[in-house]
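Asker: Sequence:
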Amino acid sequence: MSSDILINSAIGETRLAHVEDDSVREIRLFRNHNPTLVGAIFYGKIIRLSPEFQAAFVDLGQDVTGFLPLTLLPKRPGKKPKDLTTLLHEGQKIIVQVTADAAEDKSVKLTCRLELHSSAVILHPFREGAFVSSRIKDPNRREELKQFGATLDLKGMGLTFRTEAADLANEELEKTARHMIRHWIRTVENRERKKAPYLMAQGPDALQQILRDYGSRRYDRLIFDRPACLKAAQDWAANFAPDLLPHLHLHDAPSPLFETYGVEEEIDQMFDTRIPLRSGAWITIEQTEALVVVDVNMGTARETNDPMKQRLKINFAAAREVFRQIRLRGISGLIVIDFINMSGKADVTNLLAVVDNLILEDPQQVQRSNLSAFGLLELARKASHQPLARQLIASNRPQATVDTQALALLRQALRDAAARPGLPLKVTTSPAVMDWLETHPALLDQFTRQSGSKLQLTSSRQKA
Numbered sequence: 054m055s056s057d058i059l060i061n062s063a064i065g066e067t068r069l070a071h072v073e074d075d076s077v078r079e080i081r082l083f084r085n086h087n088p089t090l091v092g093a094i095f096y097g098k099i100i101r102l103s104p105e106f107q108a109a110f111v112d113l114g115q116d117v118t119g120f121l122p123l124t125l126l127p128k129r130p131g132k133k134p135k136d137l138t139t140l141l142h143e144g145q146k147i148i149v150q151v152t153a154d155a156a157e158d159k160s161v162k163l164t165c166r167l168e169l170h171s172s173a174v175i176l177h178p179f180r181e182g183a184f185v186s187s188r189i190k191d192p193n194r195r196e197e198l199k200q201f202g203a204t205l206d207l208k209g210m211g212l213t214f215r216t217e218a219a220d221l222a223n224e225e226l227e228k229t230a231r232h233m234i235r236h237w238i239r240t241v242e243n244r245e246r247k248k249a250p251y252l253m254a255q256g257p258d259a260l261q262q263i264l265r266d267y268g269s270r271r272y273d274r275l276i277f278d279r280p281a282c283l284k285a286a287q288d289w290a291a292n293f294a295p296d297l298l299p300h301l302h303l304h305d306a307p308s309p310l311f312e313t314y315g316v317e318e319e320i321d322q323m324f325d326t327r328i329p330l331r332s333g334a335w336i337t338i339e340q341t342e343a344l345v346v347v348d349v350n351m352g353t354a355r356e357t358n359d360p361m362k363q364r365l366k367i368n369f370a371a372a373r374e375v376f377r378q379i380r381l382r383g384i385s386g387l388i389v390i391d392f393i394n395m396s397g398k399a400d401v402t403n404l405l406a407v408v409d410n411l412i413l414e415d416p417q418q419v420q421r422s423n424l425s426a427f428g429l430l431e432l433a434r435k436a437s438h439q440p441l442a443r444q445l446i447a448s449n450r451p452q453a454t455v456d457t458q459a460l461a462l463l464r465q466a467l468r469d470a471a472a473r474p475g476l477p478l479k480v481t482t483s484p485a486v487m488d489w490l491e492t493h494p495a496l497l498d499q500f501t502r503q504s505g506s507k508l509q510l511t512s513s514r515q516k517a
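In the working numbering, the protein residues as written are 54 to 517.
Read the hints as simulated data drawn from the structure, not as lab findings. Wrong hints could be hidden among the right ones.
[Stated by the list, open to error] Derived DMTMM-like pairs: lysine to aspartate or glutamate, alpha-carbon spacing no greater than 20 Å straight-line:
| no. | residue 1 | residue 2 |
| --- | --- | --- |
| 1 | K247 | E143 |
| 2 | K362 | D325 |
| 3 | K479 | E491 |
| 4 | K146 | D116 |
| 5 | K435 | D409 |
| 6 | K435 | E79 |
| 7 | K366 | D321 |
| 8 | K98 | E79 |
[Claimed, not checked] Derived CB-CB ranges, DEER-like:
| no. | residue 1 | residue 2 | range |
| --- | --- | --- | --- |
| 9 | R464 | G333 | 19 to 29 Å |
| 10 | R468 | D415 | 21 to 31 Å |
| 11 | T124 | Q418 | 10 to 20 Å |
All residues carry an ideal CB built from backbone N, CA and C; glycine is no exception.
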């Protein structure tokens, strides 16, 4: 099974795609004019404490304000007071990390439980101890890493061994940990002499964010289409992920990187709400304000002559495509899937087993409900970045139907004609409304009889 990360550097943006076995699994856009701050660490200043929310609002600079739930302060021994705002004061300087970008007019979300990432380890500046990722399943390696971590001089900090650490030599892990500790000590020294707020570490540089999130040996290759970006990635890897260096490559084919691997075609299809399945069935994906609704339709599919097996097979295929689309489009929050109804309990159990396996393959945290009597399944997927559709597709305001617009025009024209009885009335409208009225001449005749004026319609623009 091949698994590659593609990095396309273009004017104004950096684009990423994860391609696995010739199938595009994920697409990310990092745009210069609207950078993501997730993971960035700031030395901020508290501008307001909110006892009702048990939170602090923190100035991060550059007109950016963060919302810090005080339950996410560094863990300290002893009993915490009921009112956590007593632990801080307005004007206080504080080190925080962004966990989510601002949504609409809200503040970015913050935590004080900091994490600095490399491909194999996570450094926790304000948490002591050595930990092992739950994704490392080998009990012998888990125990070995725990014992190894206990021998490291972490300078009062904490360390988590990520999945990547399972296949690396302990000496290499120690080297990376020491480098990260030195990096953090240099980052925080003399901070009191600097004017807060300011960015401390892990800023919004697109390439570094990609390497922190996707710099892993579980991908066969990270392929860059610009030599300068490859060189920058190699410099980063030399310090934070030496094991990654052999996996960094330059795209050398004559066609553009995203065209070579079929990514551009997937981006074009991002505008479609209807996604066909190979069987002739399809799914539709609709975004609402509160949730995403996915509908499974049987269409012309004929997998088998057995109706029950037919429904189950289509639901299996639909579930796989739904989870692919969820990752591809970066969909998060509440997701409701309307599967084709199944009557057998065994079929429901089998479908949920497929869903559970798909959840395990998703790098983001996903929770599910049971299948309802109406075939509805609810998912809650943790957000990691802005949905791709929100970056690519303009949101359209609801618009009245053409006949509604035309009848409203006639009502307004009657009011205008009353001020100038008997005189012709000129009205400019859209081509669609004009066409609709011209195909309903009885309404125009009724207007003339009722108002005593003739309605003259002109188009607001030339018809194509």
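Asker: Each hint should be assessed against the structure and marked as holding or not.
Answerer: Outcome of the hint check:
1. K247 - E143: holds (18 Å)
2. K362 - D325: With a Cα-Cα distance of about 29 Å, the restraint between K362 and D325 is violated, given a limit of 20 Å.
3. K479 - E491: Between K479 and E491 the Cα gap is close to 15 Å, so the pair holds against 20 Å.
4. K146 - D116: holds (17 Å)
5. K435 - D409: Between K435 and D409 the Cα gap is close to 16 Å, so the pair holds against 20 Å.
6. K435 - E79: Roughly 15 Å separates the two Cα atoms, so the pair holds.
7. K366 - D321: Since the Cα atoms of K366 and D321 sit roughly 28 Å apart, the hinted pair is violated (cutoff 20 Å).
8. K98 - E79: The given pair, whose Cα atoms are some 36 Å apart, is violated under the 20 Å limit.
9. R464 - G333: 19 to 29 Å: 47 Å Cβ-Cβ, so the 19 to 29 Å window is violated.
10. R468 - D415: 21 to 31 Å: violated (58 Å)
11. T124 - Q418: 10 to 20 Å: holds (18 Å)
Violated hints, in rising order: 2, 7, 8, 9, 10; the structure is consistent with all others.
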